[in-house]
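Given the coordinates of chain A, assemble chain B onto it according to the supplied hints.
Chains A and B, in that order, are what the protein sequence lines are. Sequential numbering from 3 applies to the first sequence in this note's numbering. Sequential numbering from 67 applies to the second sequence in this note's numbering.
Think of the hints as simulated: they come from the structure by calculation, not from any bench. The beta-carbon is built from N, C-alpha and C at its ideal position, and this holds for glycine as well. One should not assume that every hint holds.
Some chain B residues close to chain A (C-beta under 10 Å, calculated; not the full set) [stated by the list, open to error]:
1) 108
2) 111
3) 156
4) 158
5) 173
6) 177
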Amino acid sequence: AQTVTQSQPEMSVQEAETVTLSCTYDTSENNYYLFWYKQPPSRQMILVIRQEAYKQQNATENRFSVNFQKAAKSFSLKISDSQLGDTAMYFCAMEYGNKLVFGAGTILRVKS
Amino acid sequence: DGGITQSPKYLFRKEGQNVTLSCEQNLNHDAMYWYRQDPGQGLRLIYYSQIVNDFQKGDIAEGYSVSREKKESFPLTVTSAQKNPTAFYLCASSIPLGLAGEADTQYFGPGTRLTVL
Chain A
3 AQTVTQSQPE MSVQEAETVT LSCTYDTSEN NYYLFWYKQP PSRQMILVIR QEAYKQQNAT
63 ENRFSVNFQK AAKSFSLKIS DSQLGDTAMY FCAMEYGNKL VFGAGTILRV KS
Chain B
67 DGGITQSPKY LFRKEGQNVT LSCEQNLNHD AMYWYRQDPG QGLRLIYYSQ IVNDFQKGDI
127 AEGYSVSREK KESFPLTVTS AQKNPTAFYL CASSIPLGLA GEADTQYFGP GTRLTVL
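The shape of chain A in the complex, shown without the other chains:
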């Protein structure tokens, strides 16, 4: 069975600093996709970044980047130059067979 684990229930970071959120997963598949979603207090789920498992290059989207370690089944999210608007719950998710499996989430608080 596919599982996704986020071991950090809560994290905080000072504005303008860098923070890394951890995610590990378990799958026997070779081709799959990984995602990070952000859920701010409005509860709208917003796609942050995605990674195809067959690509070795780590995905980046502006201040957001991932460290994808396929052999270790690790998919961490790095947020650079943190902003107050980054305060949210962050979910790691893995896609297989057109379905998503989510981790339990990490609450990130950005402090001024």
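Frame of chain A; chain B shown alone:
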């Protein structure tokens, strides 16, 4: 403006009643999904549909039912058989994997908060 809409935003139900949550999308996506979110937990898949007139059970389908008569619409009924229906419900849609040649990215609606009184 393309997107996914869910209604109502808040819904209250008395015990023993069935209620239906609406989900509509104008993104021309084939696949649609329903998730349940409880406090301190990630999203769990209730039902999904990859094409009109077809749908599959997810991990927690008991006590729920769906229909997919139109591509744009995927309503979820929470029946009286659902033991603990109070939760936040999210609908999502996507282009099925393989059709667009890219990752099956799911896009979410704003959600419906259901409370059982």
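Numbers of unmet hints, in rising order: none
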